[in-house]
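**Q** What follows is each chain in one-letter form.
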Amino acid sequence: MEQAKKQKSPIPGPEQDEAGTVLPAPASPWKVAYKELKKNKLALVGLFIIAFFILTAIFAPLLTSYQPQSINAGPRLQSPNADHWFGTDDLGRDIFTRIVYGARISLMVGFFAVTGALFFGSLLGIVAGYFGRWIDMIISRIFDIMLAFPSILLAIAIVAILGPSLQNALIAIAIINIPIFGRLVRSKVISIREEEYILAAKAQGMKSGRILIHHVLPNSTAPIIVQATLGFGTAILEAAALGFLGLGAQPPTPEWGSMLSDARQYIQSAPWTVLFPGLSIMLVVLGFNMIGDGLRDALDPKMKT
Amino acid sequence: MSRKVLDVKNLQTHFFTDSGEIPAVDNVSFHINEGEVLGVVGESGCGKSVTSLSIMGLVPNPPGKIVGGEILFEAGDGGKMDLTKLSGKQIRAIRGNKLSMIFQEPMTSLDPLYKIGFQITEGLRKHRKLTKKEAHQKAVEMLKIVGIPRAEEIAYEYPHQLSGGMRQRVMIAIAMASDPEILIADEPTTALDVTIQAQILELMKNLNRDKGTAILMITHDLGVVAEICDRVVVMYAGKVVEQGDVRTILKAPKHPYTVGLIRSLPKLSGRDERLYSIPGNVPKPGSVQTGCRFAARCEHVFDRCLTENPELLKIRSGHDCRCFLYDSEGGAPHEPAATASSQKP
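Chain order of the listed sequences is A and B.
For the first sequence, the residue numbers in UniProt numbering are 1 to 305.
For the second sequence, the residue numbers in UniProt numbering are 1 to 345.
Careful, some of the hints might be misleading.
To be verified - Here are the simulated lysine-lysine pairs, PhoX-like style, with alpha carbons at most 25 Å apart:
1) K207(A) <-> K251(B)
2) K211(B) <-> K251(B)
3) K129(B) <-> K38(A)
4) K207(A) <-> K267(B)
5) K202(A) <-> K211(B)
6) K267(B) <-> K202(A)
7) K211(B) <-> K207(A)
8) K132(B) <-> K31(A)
9) K126(B) <-> K207(A)
10) K138(B) <-> K202(A)
11) K207(A) <-> K132(B)
12) K207(A) <-> K129(B)
13) K202(A) <-> K126(B)
14) K4(B) <-> K207(A)
15) K85(B) <-> K35(A)
16) K144(B) <-> K207(A)
17) K202(A) <-> K65(B)
18) K202(A) <-> K133(B)
19) K115(B) <-> K207(A)
20) K202(A) <-> K314(B)
21) K207(A) <-> K314(B)
22) K284(B) <-> K202(A)
23) K115(B) <-> K31(A)
24) K38(A) <-> K115(B)
25) K85(B) <-> K202(A)
26) K144(B) <-> K41(A)
27) K251(B) <-> K202(A)
As the list claims (entries may be wrong) - Now the stretches of chain A that chain B is said to cover, found in silico as 3 or more residues with beta-carbon under 8 Å:
28) 195–204
29) 215–221
Treat the hints as calculated values from the structure; they're not laboratory data.
Just so it is clear, CB atoms sit at the ideal spot from N, CA and C, and this is done for glycine as well.
Please model the entire structure based on the sequences and the hints provided.
**A** Structure below.
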């Protein structure tokens, strides 16, 4: 039994030899990056902020006894007090409740928009970078054209075609982010393709498809992770902007951007109606940007060799 | 006569660029006998690496393409094939299996994201269908063979945890894991410091002796050649200019280029001599259309060199040289031996 165990032992971890001394854990490049990240205070603050918002979104019903849509939960335009922590809006809705439920929407938009953009962007980027030539030409020029538009303008145009709704805003945000990921992946694929270990893998008789999936892609992930994290922040901001313009979530959905838009006429008489949604947007975006910057430092290729 | 494991005949690998067709390898022929170490020597840009990539079928295409000649490979089981005629699938079955290659830069030849043990058997798992456990055992065994201490642990480490010399040993372990017929080594010691160089050469020599693997050693370092090779092919501007066994080439070189290369080596005795160097640079492949390609840099150049293309002449059995100085039909205005002494420095 003991013998069999020892024979197996291939899964690394803090292994122990017979004497019981802990062998140095294999420093996978990812683990090294994680250690680097842990040293970065700002990134940890960002991580904390985002974790806070995620928990808020998950446990929204437990945090408040009101419903986000129910009007006249209290008197209108009431300033923050013990019953309504963030005050109430012009329809007497509890702003804290709406912020808490709004976190669900914003994080969801961020997640799906980034996932969509990442998926299609990577696919196009890989195709362009790997096959090159005219395929690359076509895809790259399309990216260039998309990037030539101010992104929010392009998003507005797409929503205008699809019709204003949260779902369409999400699609629009995903689309405008495709070229950002696409170009990143393409440039990474092109540079990694020329690495000597790719030639070495070919010399071992590997197929190009396998090399692409097992060697080119994994080595391109670091900047993609960074971009995805930063993209989260941008996507949430863009969703709020579309919401503010009435092109995203439709009332009475508690979306931060549309909350801002609804409340803007009360900015002087009831500033809390604007302050809290605005603050939430700022904090979430800040949080993602701080993590993104931390990840960029941690995954810096210079630290790898 | 021993069996030829690899017989390259009139290999032509051209690159098609915007500025025209460039014959990087131009009618190159040589062979490797079973269990032999063949050195291919020449300056940068003379076609050494392209020759090795041609054998592996790894010439980047586009822009490169093998436009002529054949590369006959004879496996131990008697099967004989022309590597230039194989399909992608067929050549992949040979690469990393019967034909292995190691590269110049050990620091970048390993994928930074995978553990050493995994990388050693990545190719082998594909060719031999090993289980995970067998593969791991094989990896550790190979690491021991190439002289890596703590092989069990190193198998679980990542490339960035190893030094250059260790990584080159790992590369050799990868290449040797499949027990190849031929190991192609493209300047395997260039990026290493001298003591590590000696160790790596020693290792390769041992593998050659113990396993009988033929080695094609691409190098520009005549020290490496003297150390390990049995026979030498000297290349210049895409052509073979001289070939013969290592003793002959080093002691009695015939071609002025080889002579120049050997004279360029620093000698332990010469104290205040200025180190010799061949004047000029390797011409861009394809730029010399008529005449001998070395003519512009040759000390013994005469009229015929500029107008006619020299053929590879047999000096004696197993020693060939591409130079009119040795053409029995004459044409040389004077004996080369005499020229060498009367030549002004």
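**Q** Under the constraints set out in the numbered hints, which ones does this structure not fulfil?
**A** Per hint list: 1, 2, 3, 4, 6, 7, 14, 15, 16, 20, 21, 22, 26, 27 violated.
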